[in-house]
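Engineer: Quick note, the sequences are listed as chains A and B, same order.
Residues in the first sequence are numbered consecutively from 21, following the working numbering.
Residues in the second sequence are numbered consecutively from 21, following the working numbering.
Please keep in mind that the hints were generated in silico from the structure rather than gathered at the bench.
Be aware that a few hints might be false.
Note that the list lumps identical chains together, so a pair holds whenever it fits in one copy or between two copies.
Simulated pairs of lysine to any residue, SDA-like, Cα-Cα distance not exceeding 20 Å [as the list claims (entries may be wrong)]:
hint: 1; residue 1: K214; residue 2: M344
hint: 2; residue 1: K185; residue 2: P92
hint: 3; residue 1: K299; residue 2: S89
hint: 4; residue 1: K161; residue 2: L88
hint: 5; residue 1: K235; residue 2: R208
hint: 6; residue 1: K94; residue 2: K342
hint: 7; residue 1: K210; residue 2: M304
2 protein chains.
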Amino acid sequence: MLEDKNQARTALEKLGEIGLIKHLTKNFGLKQKSSIKGIGDDAAVLDFNGKKAVISTDLLIEGVHFDLSYMPLKHLGYKSVVVNLSDIYAMNAMATQVTVSLAVSNRFPLEALEDFYAGVAAACELYGVDLVGGDTTSSTKGMLISITAIGEANENDLVYRSGAKENDLLVVTGDLGGAYMGLQVLEREKEVFKVNPQNQPDLEPYSYIVERQLKPEARKDIVELLKKLEVHPTAMIDISDGLSSEILHLCEQSNVGCHLYEDKIPLDPTVISTTEEFKMDSTMIALSGGEDYELLFTIDQKEFPKIKGNPNLTVLGHMTEKNMGAHLIARDGTKIPLKAQGWNSF
Amino acid sequence: MLEDKNQARTALEKLGEIGLIKHLTKNFGLKQKSSIKGIGDDAAVLDFNGKKAVISTDLLIEGVHFDLSYMPLKHLGYKSVVVNLSDIYAMNAMATQVTVSLAVSNRFPLEALEDFYAGVAAACELYGVDLVGGDTTSSTKGMLISITAIGEANENDLVYRSGAKENDLLVVTGDLGGAYMGLQVLEREKEVFKVNPQNQPDLEPYSYIVERQLKPEARKDIVELLKKLEVHPTAMIDISDGLSSEILHLCEQSNVGCHLYEDKIPLDPTVISTTEEFKMDSTMIALSGGEDYELLFTIDQKEFPKIKGNPNLTVLGHMTEKNMGAHLIARDGTKIPLKAQGWNSF
Numbered sequence: 021m022l023e024d025k026n027q028a029r030t031a032l033e034k035l036g037e038i039g040l041i042k043h044l045t046k047n048f049g050l051k052q053k054s055s056i057k058g059i060g061d062d063a064a065v066l067d068f069n070g071k072k073a074v075i076s077t078d079l080l081i082e083g084v085h086f087d088l089s090y091m092p093l094k095h096l097g098y099k100s101v102v103v104n105l106s107d108i109y110a111m112n113a114m115a116t117q118v119t120v121s122l123a124v125s126n127r128f129p130l131e132a133l134e135d136f137y138a139g140v141a142a143a144c145e146l147y148g149v150d151l152v153g154g155d156t157t158s159s160t161k162g163m164l165i166s167i168t169a170i171g172e173a174n175e176n177d178l179v180y181r182s183g184a185k186e187n188d189l190l191v192v193t194g195d196l197g198g199a200y201m202g203l204q205v206l207e208r209e210k211e212v213f214k215v216n217p218q219n220q221p222d223l224e225p226y227s228y229i230v231e232r233q234l235k236p237e238a239r240k241d242i243v244e245l246l247k248k249l250e251v252h253p254t255a256m257i258d259i260s261d262g263l264s265s266e267i268l269h270l271c272e273q274s275n276v277g278c279h280l281y282e283d284k285i286p287l288d289p290t291v292i293s294t295t296e297e298f299k300m301d302s303t304m305i306a307l308s309g310g311e312d313y314e315l316l317f318t319i320d321q322k323e324f325p326k327i328k329g330n331p332n333l334t335v336l337g338h339m340t341e342k343n344m345g346a347h348l349i350a351r352d353g354t355k356i357p358l359k360a361q362g363w364n365s366f
Numbered sequence: 021m022l023e024d025k026n027q028a029r030t031a032l033e034k035l036g037e038i039g040l041i042k043h044l045t046k047n048f049g050l051k052q053k054s055s056i057k058g059i060g061d062d063a064a065v066l067d068f069n070g071k072k073a074v075i076s077t078d079l080l081i082e083g084v085h086f087d088l089s090y091m092p093l094k095h096l097g098y099k100s101v102v103v104n105l106s107d108i109y110a111m112n113a114m115a116t117q118v119t120v121s122l123a124v125s126n127r128f129p130l131e132a133l134e135d136f137y138a139g140v141a142a143a144c145e146l147y148g149v150d151l152v153g154g155d156t157t158s159s160t161k162g163m164l165i166s167i168t169a170i171g172e173a174n175e176n177d178l179v180y181r182s183g184a185k186e187n188d189l190l191v192v193t194g195d196l197g198g199a200y201m202g203l204q205v206l207e208r209e210k211e212v213f214k215v216n217p218q219n220q221p222d223l224e225p226y227s228y229i230v231e232r233q234l235k236p237e238a239r240k241d242i243v244e245l246l247k248k249l250e251v252h253p254t255a256m257i258d259i260s261d262g263l264s265s266e267i268l269h270l271c272e273q274s275n276v277g278c279h280l281y282e283d284k285i286p287l288d289p290t291v292i293s294t295t296e297e298f299k300m301d302s303t304m305i306a307l308s309g310g311e312d313y314e315l316l317f318t319i320d321q322k323e324f325p326k327i328k329g330n331p332n333l334t335v336l337g338h339m340t341e342k343n344m345g346a347h348l349i350a351r352d353g354t355k356i357p358l359k360a361q362g363w364n365s366f
């Protein structure tokens, strides 16, 4: 009964996070009449009598997903909820409830958890969702957060990753790369602080990107906007791991290829100046940075007039035949295959 | 922005697990039309067009909730799902889906996670629920599991903790104390193993209680049985922390007291012999042991003929006026106030 040390070992690194969950769950079928969509999208869809329920869950670990040395606990509570709501909006659904579970070691006083829940409350208030469950328990090391977000939508409004068609336009909201560059600035200040704790960092020039990292927002407004504009995306996903990785998800699940134009990628001026300061390539950051929580979706070309000129929306390219693959069309016209360089915790 | 070490500190131990979640969530209200019941019961109840959705979530941490030195990973996967389903059945609802998230350090090979998911699959199969979501990620230490269970019920079938009335009968399913005594046996074998790794433990005489600890079952059959018998409990809860603590939950939320008769507490012969062997008091073990995952419910006295003589159900006592408090009536007739001695992770 005690652990056998001589078992066959396959390193987790070999599969990566997405391969692992796919591998582990490949034998699970759906049996319940109310299970419409299981693993494989941003959220599961359940049918409770006409209206669909949408459920998404996430596990966040200190030292893996967040660093409390620059992440205030209130922001962490806020962000933990927001990143889960983002998955619900990525289904073109409206978030309605969340559950929040927290495990902490005894180094955390009550006030720290109060700060965390104040952030949870602020997110619930702004997005109009109810906290309806959860758990607090002790951990042997650090802080762990588990969130489940629940939403609802009419069946016809739901958008999956799998509906993109050849010639559909690829559209993104907001701008990209900010959250990752905010993290770079915070990491640098942490190193400075270690050497000289008296140093007061001036984060003012970086406030936009630091906020993108510490207090991201989910695009509930876009779900409302698309409804108002009567635009029905054919496929949608939220950008948590980076543009490149999310495009590849859409291509794989929709059986299409993609042309992404480098010169169309929306970048905030702060992202451009900070990538220059850090001697990084801004396109690479937008492609692989992650944590922007913008929405990436495809629409039929006929819908283009409805979104044309909208400052929230940028057309990045178009979907192609599957055999053409997924490529970045660089400013000089060269075609570079897209790779999933998104964040991978293993 | 960096952590201030001189903040006011209130020790978490002061509040305990239940007080803490109550304290932290006291300012959250319910706003969504679909939020029927939030924090404070075994599961949250959501209304999606007539049929109610029931959601429950749990976070399990290695070294706090389980010990891998005697808990095989397949059993752990099975148990993690089952203990969550138990919360759904405790609402008199039928479990329909689960989400399972897992964080592991790099000491776990793929095969270990496969074992874990084999247990998840076995539980899903036996209870007829679909796995519809989840996450795998790395941890900095040990294994962490987060489960959300979802169920459905007609509004009239749902049973809360708050509906018990004075003079209602208190009923429990199965027998109590087995899971805790199973744990004692496993802990003892672990100590023996440390001293002499060649020793092969003979667990045969303890097989019932070891199975109660390693492979507990949730009482889906009882929800079906109550429906068949046309018995509608006035209040219900599952026994995760021990009989005493669960009775106090029912009393508090229903505003009643309770008389629990010591001589009625159902005990398996293995529990009786093992408590004697360990020089423990079997009543104390049933009251405080926990992890039995039996259902504890109250019914109107008029319903008694429907359950009389059923081998699955034992009447333990009855509810009283609130002012009379909650007491154990010992075999010699003395009244002993019940205390929550259940498991508390802080």
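Engineer: Evaluate each hint against the coordinates.
Structural biologist: Now for the hints, and whether the structure bears them out:
1. K214 with M344: neither (49 Å within a copy, 60 Å between copies)
2. K185 with P92: Neither. Shortest intra-copy (43 Å) and inter-copy (46 Å) distances fail the 20 Å Cα cut-off.
3. K299 with S89: neither (25 Å within a copy, 49 Å between copies)
4. K161 with L88: Result: close both inside a copy and across copies, 13 Å intra and 17 Å inter.
5. K235 with R208: Classified as within: same-chain Cα gap 19 Å, cross-chain 49 Å, threshold 20 Å.
6. K94 with K342: neither (44 Å within a copy, 40 Å between copies)
7. K210 with M304: Close neither inside one copy (24 Å) nor across copies (52 Å); limit 20 Å.
In summary, the numbered hints that this structure violates are 1, 2, 3, 6, 7.
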